[in-house]
Amino acid sequence: MEYGLDKRSNSLKTFNTVFIIVWLLIACFPFIWTFWGSFKVRADFFSRSDWWYAISAFNTLVETGSQFTTNAYSEAWTEGEFWKASRNTVIVTVFVVSISLFLGTLGAYALSRSTERYAFWILIAALIFRAMPHITLVSGYLFPFFQMQIWGILPTTIVVLVAINQPFTLWLLYSFFKTVPKELDESALIDGCSYFQAFRYIIMPVMWPGVITAGLFSLMLAYNDFTVTALLLNQENHTMVPKIQSYLGTNQHEGNLMWAVSAVVSATAPLFMLVMFFQRQVISGLTAGAVKG
Amino acid sequence: MPNKTFFWFFLPTGLAMILFIGLPIISTGIQSFYAQHDQIVKEVKKCDPFGCKVSIVVDQEETSKLREAKPLGKFNGFGTYVDRNHLAFDEISKFWKETNSTGEFIDQVTNLPFYKALIFTLTYCLFVTPNVLFLGFIIALSLNAISRKIRGPLIFGTILPMIVTPLVGSLVLFWMIDAKGIIGANLQFLMDDPYLSLKSSKTLTWITIIIYGIWHHSPFAFVVFYAALQTVPQEPVEAAIIDGASRFQRVRHIVLPHIYPVVTFVALISLMDNFRVFEPIIGFSAEGSAQSLSWLIYDNLVNEEVILFGSAAATSIMTIIGIAILLTPVLIRTWREFKTVR
Chain R
1 MEYGLDKRSN
11 SLKTFNTVFI
21 IVWLLIACFP
31 FIWTFWGSFK
41 VRADFFSRSD
51 WWYAISAFNT
61 LVETGSQFTT
71 NAYSEAWTEG
81 EFWKASRNTV
91 IVTVFVVSIS
101 LFLGTLGAYA
111 LSRSTERYAF
121 WILIAALIFR
131 AMPHITLVSG
141 YLFPFFQMQI
151 WGILPTTIVV
161 LVAINQPFTL
171 WLLYSFFKTV
181 PKELDESALI
191 DGCSYFQAFR
201 YIIMPVMWPG
211 VITAGLFSLM
221 LAYNDFTVTA
231 LLLNQENHTM
241 VPKIQSYLGT
251 NQHEGNLMWA
261 VSAVVSATAP
271 LFMLVMFFQR
281 QVISGLTAGA
291 VKG
Chain X
294 MPNKTFFWFF
304 LPTGLAMILF
314 IGLPIISTGI
324 QSFYAQHDQI
334 VKEVKKCDPF
344 GCKVSIVVDQ
354 EETSKLREAK
364 PLGKFNGFGT
374 YVDRNHLAFD
384 EISKFWKETN
394 STGEFIDQVT
404 NLPFYKALIF
414 TLTYCLFVTP
424 NVLFLGFIIA
434 LSLNAISRKI
444 RGPLIFGTIL
454 PMIVTPLVGS
464 LVLFWMIDAK
474 GIIGANLQFL
484 MDDPYLSLKS
494 SKTLTWITII
504 IYGIWHHSPF
514 AFVVFYAALQ
524 TVPQEPVEAA
534 IIDGASRFQR
544 VRHIVLPHIY
554 PVVTFVALIS
564 LMDNFRVFEP
574 IIGFSAEGSA
584 QSLSWLIYDN
594 LVNEEVILFG
604 SAAATSIMTI
614 IGIAILLTPV
624 LIRTWREFKT
634 VR
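Order-wise, the sequence lines are chains R and X. Mind the numbering: the first sequence is residues 1 to 293 in this note's numbering, read in order. Mind the numbering: the second sequence is residues 294 to 635 in this note's numbering, read in order.
Just chain R, same shape as in the assembly (with noise of 0.2 Å):
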């Protein structure tokens, strides 16, 4: 949107320029600073005396004989088992994924599609859930799961993900499905298919983008869940991001900060890589429910 007629002056353009810049930089610079400090030793990204330290790299050409150590990452990935939390992140999240979205499909496209009242009450209901913290779902969950034993396990956190969420997923596709215009599939119901068959063959095949930012959507809540996987999970089944805190350390037991740094190195970059590739649906999905109302 540039205006034709408007002609902005210099100086505000120059200060429009700063403050973008300034602005990128407070929200990428923690990013690099601590890429770049996991192929540091401890003593110099987390320097005592000296913070330039973390630059020149002393103690790390000191303690490993060059400026840049993989040390922490090939710790971490074998010693600090983070191979396991992200296979079971891996599994978590693929199941997630799909499951959220043969569920989420079907249910959109009957919401979409219906006329009746509850419908819309059905949606507000979806809303309400959305609002719930996580952490009260979790407090509900716990002492049921331990009565039945099904407490720990993968794909507990798998179902109760998948459920947790489905309101935010209900509501996007929903977005979506009502842009797909009402006739083709009626026209496809004339022609004597059912509605499953209008669903599979006639309307799913030009829901492709949105699925797919409903899909990115389910697999960012699934990658980054702490709430539900710290608590919900034993130790021997972690995701990454409970894993990355329990190498933080407790006041029991001392943890191994470097771990924790590669470790969110290792657990943030496919996910940027992920929304650098399909940064149009990532926004086309946060924007679904709110400008199209």
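These are computed hints drawn from the structure, not numbers from a lab. As the structure is a prediction and not an experimental result, all values here were calculated from the model. Check before you lean on any hint, since a few could be wrong.
To be verified - Which stretches of chain X does chain R cover? Using the computed rule of at least three CB atoms under 8 Å from a CB of chain R, they are:
hint, stretch
1, 296 to 307
2, 449 to 457
3, 567 to 576
4, 588 to 601
Said to hold, decoys possible - Over the 10 Å line for every Cβ pair with chain X, so calculated as not near, a few chain R residues:
hint, residue
5, K84
6, M207
7, P209
Using N, Cα and C, we set each Cβ at its ideal position, and we do this for glycine too.
Could you slot chain X onto chain R? The hints should help.
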């Protein structure tokens, strides 16, 4: 769509939501009326050559037996809700009688765990939400004025703080702000105070967490506002320019009214998200000076000896009530709109 078809289409997702969102809320409600069992004590007579002594010890066997028989604990009614760790009515009335000035009374009350957490949660919401709206809007306006060619990468950079999980986001900031990090160390040097650190000051911790909140949530507001700005019609803007309206006047009288519905949407979403603030407290290791409602629940649930189901559930129910109060205006508005549409 016929009701029957709707039912079958909606059944899987409906079932998932009822089983894992609806039922847990009910389960939380039930749990909140129970409290963990007291330990059963017994008298043990110990005799040695100098005589016999009766001492009271915990009967481990009986206690664990009782816990197994009735795992939910003992019925406590609203007892958990009013105890010292929650609404603390007794303590408040005691403070009311004993303290001399209002300031002292408020001081005492805000030291109770629940009120402390409530105040932090509300303060966080109150400071983060408006700033997120403001900063997001400003970023959207400025990015919108930049050449289209380089906007893509700039948008990517802008949304980074939002896509990382709050725990990672807060850790990344914490490692810089900490006394041993790049910003913390320089601040110590600038302020000439070698003991200046995040953990030493409550105010500093609160400010840091609030700044983190703004940093983390602004990109969301930005994205939504940015998309809304693309839909602002050009004609009124051009007419305003011809009429001599200043840049600020154009934003104030044309752009803002146009995107107003989106502003309420963003405000609502970020209010809901801010109310559940929890992970940054762990990321910043700020448990000592900042506790939120969600953190209280988490703390009960990771308790080392006995998981305090009742206590966690009572806090959960009160958090849900808080959310309900936040949502009511929106629900009433939606209901009115729905009625007028029909």
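Each hint, compared with the structure:
1. 296 to 307: holds (count 8)
2. 449 to 457: holds (count 8)
3. 567 to 576: holds (count 5)
4. 588 to 601: With 6 residues in contact (Cβ-Cβ under 8 Å with chain R), the coverage given for the stretch 588 to 601 of chain X holds.
5. K84: holds (19 Å)
6. M207: Its Cβ never comes within 10 Å of chain X, the nearest being 15 Å, so this holds.
7. P209: Check passes; 15 Å lies beyond 10 Å.
Going down the numbered hints, you'll see the structure goes against none, and every one checks out.
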